[in-house]
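A.B. asks: One-letter residues, chain by chain:
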Amino acid sequence: MRKTDEFEPEIRDKARAARMTRPLWVDEKTRTASLEIGGSLLALIRELYPIGRSITGPGLRATVARLSEIVPLQIAEVPSGTKVFDWTVPDEWSVEDAFIEAEGGDRIVDLKSSNLHVVGYSLPVDAWMTLAELRPHLFSLPEHPDWIPYRTSYYSPNWGFCLADRVLKSLPDCRYHVVIRSRLAPGSLTLAEYVHPGSTQDEVLIFAHDCHPSLANDNLSGLSVAIHLAAFLRSRATHYTYRFVFAPATIGSLAWLASNEASLHRIRHGLVLSLLGDRGPIHYKATRAGDHAIDRAAWHVLSTEFQGSRRLDFEPWGYDERQFGSPGIDLAIGRMTRTPNGEFPEYHTSADNPDFLSADALGQSWLACLKVLEALDCDSRYVNLQPKGEPQLGRRGLYRSMGGYQDVPARQLALLWVLNLSDGASSMLDIAGRSRLPFGLVANAAADLERAGLLAPAPDAGPAGR
Amino acid sequence: MRKTDEFEPEIRDKARAARMTRPLWVDEKTRTASLEIGGSLLALIRELYPIGRSITGPGLRATVARLSEIVPLQIAEVPSGTKVFDWTVPDEWSVEDAFIEAEGGDRIVDLKSSNLHVVGYSLPVDAWMTLAELRPHLFSLPEHPDWIPYRTSYYSPNWGFCLADRVLKSLPDCRYHVVIRSRLAPGSLTLAEYVHPGSTQDEVLIFAHDCHPSLANDNLSGLSVAIHLAAFLRSRATHYTYRFVFAPATIGSLAWLASNEASLHRIRHGLVLSLLGDRGPIHYKATRAGDHAIDRAAWHVLSTEFQGSRRLDFEPWGYDERQFGSPGIDLAIGRMTRTPNGEFPEYHTSADNPDFLSADALGQSWLACLKVLEALDCDSRYVNLQPKGEPQLGRRGLYRSMGGYQDVPARQLALLWVLNLSDGASSMLDIAGRSRLPFGLVANAAADLERAGLLAPAPDAGPAGR
Amino acid sequence: MRKTDEFEPEIRDKARAARMTRPLWVDEKTRTASLEIGGSLLALIRELYPIGRSITGPGLRATVARLSEIVPLQIAEVPSGTKVFDWTVPDEWSVEDAFIEAEGGDRIVDLKSSNLHVVGYSLPVDAWMTLAELRPHLFSLPEHPDWIPYRTSYYSPNWGFCLADRVLKSLPDCRYHVVIRSRLAPGSLTLAEYVHPGSTQDEVLIFAHDCHPSLANDNLSGLSVAIHLAAFLRSRATHYTYRFVFAPATIGSLAWLASNEASLHRIRHGLVLSLLGDRGPIHYKATRAGDHAIDRAAWHVLSTEFQGSRRLDFEPWGYDERQFGSPGIDLAIGRMTRTPNGEFPEYHTSADNPDFLSADALGQSWLACLKVLEALDCDSRYVNLQPKGEPQLGRRGLYRSMGGYQDVPARQLALLWVLNLSDGASSMLDIAGRSRLPFGLVANAAADLERAGLLAPAPDAGPAGR
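Keeping their order, the protein sequence lines are chains A, B and C. 6 is the number of the first residue of the first sequence in the working numbering; add one for each residue after it. 6 is the number of the first residue of the second sequence in the working numbering; add one for each residue after it. 6 is the number of the first residue of the third sequence in the working numbering; add one for each residue after it.
If you are wondering where the hints come from, they were derived from the structure by calculation, not from laboratory data. Any given hint could be a false lead.
As the list claims (entries may be wrong) - Lysine-lysine pairs mimicking DSS-like chemistry, simulated, CA-CA at most 27 Å apart:
| no. | chain 1 | residue 1 | chain 2 | residue 2 |
| --- | --- | --- | --- | --- |
| 1 | C | Lys88 | B | Lys88 |
| 2 | C | Lys117 | C | Lys174 |
| 3 | A | Lys174 | A | Lys117 |
| 4 | A | Lys393 | C | Lys88 |
| 5 | A | Lys88 | B | Lys174 |
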């Protein structure tokens with residue numbers, strides 16, 4: 006087996022040549038487009054919302070089928086019983102109907118009115134029981150009496166219903182007909198992915214979990230941002246190869262990792278996407294090591310261009326970054342969300358519905374992800390060809406002709422920073438980080454200086470990275 | 006001479022085997038006991054308070070004799086005139102009586118009413134003199150007119166009296182009979198220590214100075230906490246060997262260091278104990294290097310479990326950490342106090358008496374010291390045996406069976422952190438530090454995971470440490 | 006060519022011997038003198054203010070001639086057309102007369118009333134024109150209607166006038182007689198320097214730009230502080246060789262660097278001086294690397310002794326530190342100012358006149374620069390000869406004889422810090438930094454300890470430095 010870096014020299018050179026002339030991804034047009042894209046994302050979320058998803062089953066397949074209409078996904082089915090590391094892919098689950106009827110015939114709870122009503126992976130049941138017998142199978146949220154909680158029991162055989170606490174509290178002490186028409190039988194778990202080839206086999210992994218039923222922020226927002234990032238990249242020459250993976254949380258990422266173990270070494274950077282539609286500030290959660298290129302790129306872009314953004318240290322709780330950041334996998338994968346899991350009251354309840362989301366927030370999330378990826382893909386290192394003193398920018402048309410002003414325009418400052426730090430070791434992202442100027446401004450300054458003959462690609466120029 | 010680490014392999018292996026099954030020291034019972042221990046500590050302080058101590062002499066011997074009733078101490082006497090590094094052990098000092106009488110016969114100042122009245126190491130005097138002649142030998146605190154200050158003149162031949170400023174200001178301009186019946190003659194300086202053997206010869210040194218007369222916080226609080234830490238460890242199998250040293254400040258620690266120079270290399274960690282009974286927050290003063298294992302252990306325990314605690318950088322001022330941290334000794338010894346020296350007005354005055362102390366504070370100080378030592382002694386490194394993704398904790402009974410909750414219980418989070426960082430290099434203390442979870446929670450999580458077969462001791466497992 | 010460090014051993018030894026006994030520069034007398042020096046500096050500024058300076062020409066020569074009366078400067082003329090790195094020395098410019106007269110004969114703008122009225126390097130003009138034709142050549146500051154701005158056009162052939170916005174707004178729509186009697190012809194650019202030889206050829210460079218016409222803070226304040234630092238050092242034995250350079254901004258520092266490229270390796274530390282007379286706090290702008298000895302010295306001195314001081318990170322914008330910090334030059338040169346360029350409204354306007362400055366601020370700036378240089382020049386490393394425990398300072402008269410006090414005098418604390426950290430690796434500046442005590446206090450403590458036989462120069466003692 007050959008190592009990642011053992012490409013044929015011609016390919017490597019072509020890649021490098023390509024980089025040097027490749028323009029930035031995001032211009033004013035893209036920025037404007039992001040406003041419209043927010044609307045498309047929200048429309049897609051509204052379409053996908055009613056589907057009853059779980060970690061396996063028909064809802065999951067329907068979801069990836071709809072995403073495939075936007076960018077064609079490659080589907081893989083992992084059979085029930087497959088060992089994935091320390092886990093086993095469970096039987097496939099589906100539910101056709103589920104309700105509770107009081108003895109008078111009143112239907113108290115009905116799957117048809119919300120997919121959240123039935124605990125995920127509930128075993129089939131069809132029985133009459135007293136309220137006392139039923140009670141241990143009912144879940145509600147006393148602090149939000151009108152909201153239905155979201156509960157699952159994937160690996161512990163059980164059944165149950167989730168309902169509004171106001172309904173639960175009003176249940177008369179009678180007998181109830183309890184029906185769950187579910188099926189739990191050997192089948193498979195559905196994985197979906199799209200690969201956008203770049204000029205190198207080094208990869209960026211974008212992961213979104215797709216197993217949550219009728220929850221909009223978690224994670225239809227992640228799915229819709231991810232598929233539209235794929236749509237944007239599709240028509241574009243990139244340095245990295247981009248791999249978009251849609252899979253159930255935990256067991257899905259584990260199954261994907263287990264199936265692709267031999268090629269994980271190609272993954273240089275990555276993002277888990279989730280919770281990208283609420284109105285809270287964008288949060289970047291760092292990789293386990295915390296100092297990878299993705300960490301620097303993400304936090305630089307967010308802190309300089311997306312006001313109010315916050316950086317979270319890694320912790321082994323949250324979404325699939327837990328698996329990607331496990332000690333035996335240890336990929337450089339961060340996470341983008343707006344308000345993090347568990348930190349907004351609507352999280353994992355029926356209140357996380359499409360009305361909770363904002364098209365503006367979705368569009369901005371999409372743009373933020375794009376700019377983070379751009380900062381990795383378009384990063385480069387140069388050497389200043391006139392390193393003794395500042396070169397005379399004025400005679401090259403790169404500097405205002407009149408002197409004496411109190412301030413310096415940001416674009417001129419970017420030229421000076423690029424010249425000052427282009428010693429072949431610092432990349433444009435490093436320079437953007439130190440100068441606290443937006444990455445695009447710095448990269449454009451470098452392009453101008455290269456055109457003016459003042460910069461040349463560093464001898465081993467390539468993407469920065471760890 | 007053999008190096009510290011050249012133990013016979015079997016001994017080393019036995020030590021390691023012992024570690025793996027050794028439970029944490031502090032459980033709910035210990036925590037409850039600490040409340041009662043505070044009362045015992047204060048009672049002991051009240052007993053020791055009236056004794057007139059100095060850096061040599063009978064008061065010092067009476068003090069260590071009383072401590073010996075709790076845990077038997079080994080006594081060493083260092084003769085006057087012994088060279089200890091740059092110093093010489095001084096003559097032994099004792100004082101039988103000391104007073105000032107006005108010519109009318111009124112006794113203005115009397116040693117019998119407070120040991121602080123006479124300047125430590127005062128030469129004998131018996132003379133009549135005017136107030137003007139007497140005045141240079143009188144010390145008071147104008148800012149606290151009712152308190153008697155504490156003054157000494159160990160190495161400069163002198164005599165003097167300390168008294169309340171209110172008394173000083175009221176002295177009539179008459180003649181005074183001034184008497185100090187002291188004795189300064191060749192004798193010895195008393196050192197006392199207790200050694201609790203552990204499974205390794207690597208040592209932890211606990212030092213408390215015992216030379217201050219009738220001052221409660223400084224340092225009867227340190228003596229009482231130290232002797233009760235020794236009492237707790239006595240019945241317990243420990244990894245480290247614990248050495249408790251009671252000695253006069255400065256000359257005592259120097260004498261002890263000089264007598265034990267050949268075996269100082271065994272000391273891996275240590276604490277100076279003082280000022281542990283006032284109501285202020287606990288302060289940890291770091292070692293000279295500031296990044297030893299004791300620094301990390303102490304600050305982790307205090308910052309996660311003892312609210313309001315503060316960390317002080319090392320400075321060459323304070324107690325015997327000055328000697329332990331001198332460049333030619335350079336031991337990894339930190340210091341635990343509550344309010345530091347010089348930062349509370351009662352410091353070194355008659356107001357530092359047993360009524361100034363709190364049994365609760367003393368008990369809490371004892372518990373804090375114990376937990377710091379526990380974090381060093383019970384620290385260990387493990388390897389995650391299922392490092393690819395998270396192992397399935399649910400089927401091992403280590404994870405709640407139902408999913409979807411907003412938060413994660415601290416105990417589950419501790420399990421995830423231990424799994425995530427157990428790469429053989431990070432110790433439980435490192436993991437506790439990064440996760441900001443209490444050490445005991447992390448160590449217990451590791452024990453649960455080891456029992457479940459998910460962790461194994463790291464190949465070179467042993468105490469972390471610098 | 007020989008390397009910097011290849012001095013003859015005897016010279017090196019002599020240098021070292023000299024250091025060990027050399028007293029600090031700044032004592033109480035110097036501190037008092039700094040108050041008077043402020044007045045002298047302001048008087049010099051008032052004298053130099055009316056001279057019409059530019060980057061070349063007679064005003065520049067007159068300025069350095071006046072400075073030469075204080076300390077004799079060596080003058081070098083760099084001919085027009087000389088290539089300096091990426092630049093070319095421009096033709097020499099002078100202006101004899103310049104005015105605008107309205108058709109009625111009213112003189113609207115006149116060079117005689119302010120040197121700022123004519124744009125620097127204006128081409129000659131003598132023409133009648135309408136207000137519409139004249140307007141593009143007029144510059145004013147609408148936000149400060151009474152102030153005249155400062156504008157130049159060194160490298161782009163142009164002409165123009167600067168005037169108060171209130172005057173501009175009142176101009177009647179008539180025809181104007183516009184006259185600039187300037188001359189732009191081959192000549193030379195003037196460099197001036199003074200070298201104070203030290204006991205080593207290692208140099209400290211002090212640079213001040215001298216090209217600004219009738220602006221007081223920028224940079225007559227820098228010139229006057231620099232020349233008086235030179236005057237102070239002139240009578241003094243120093244470790245370093247001090248080189249004071251007075252040159253026009255940008256093209257002047259580039260010309261000096263290009264002429265002296267072969268000996269730049271001798272420059273170990275340096276400061277650019279400017280804007281030292283306003284009432285704002287002192288700002289130190291760090292070198293490009295940010296962790297040179299000059300960075301530590303400057304920030305230590307300012308933060309411990311000059312209240313309100315601030316530290317700025319390097320950026321490639323400002324004064325000639327831009328050239329010294331370019332990647333191909335990369336000298337360890339920081340910058341001292343009070344309020345930085347562009348951060349006070351008077352900057353680059355007629356309001357930056359001598360009345361804007363304060364004699365106290367100038368004197369304090371001079372003292373601050375001196376103390377920063379002192380901390381570099383008088384820095385040294387020692388070895389504690391009694392490293393086991395603290396030596397007994399009392400019997401050497403270095404410690405108060407009575408014990409028990411609540412606090413410790415700063416001078417005793419300095420003794421303890423020097424003893425504690427004098428391991429041969431830490432310099433006095435390092436120790437001052439860690440202890441946060443003033444450098445002079447620490448250096449004096451070291452001298453006392455050396456005299457007492459407790460310290461010896463470290464085997465390779467010499468100036469600290471990077």
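A.B. asks: Next step is simple, just say for each hint if it's right about the structure.
C.D. replies: Consistency of the hints with the structure:
1. C:Lys88 x B:Lys88: Violated: Lys88 (chain C) and Lys88 (chain B) sit about 73 Å apart, past 27 Å.
2. C:Lys117 x C:Lys174: holds (21 Å)
3. A:Lys174 x A:Lys117: holds (21 Å)
4. A:Lys393 x C:Lys88: Holds, at about 13 Å.
5. A:Lys88 x B:Lys174: Not satisfied, since the Cα-Cα distance of roughly 89 Å exceeds 27 Å.
Checked against the numbered hints given earlier, the structure breaks hints 1 and 5 and satisfies all the rest.
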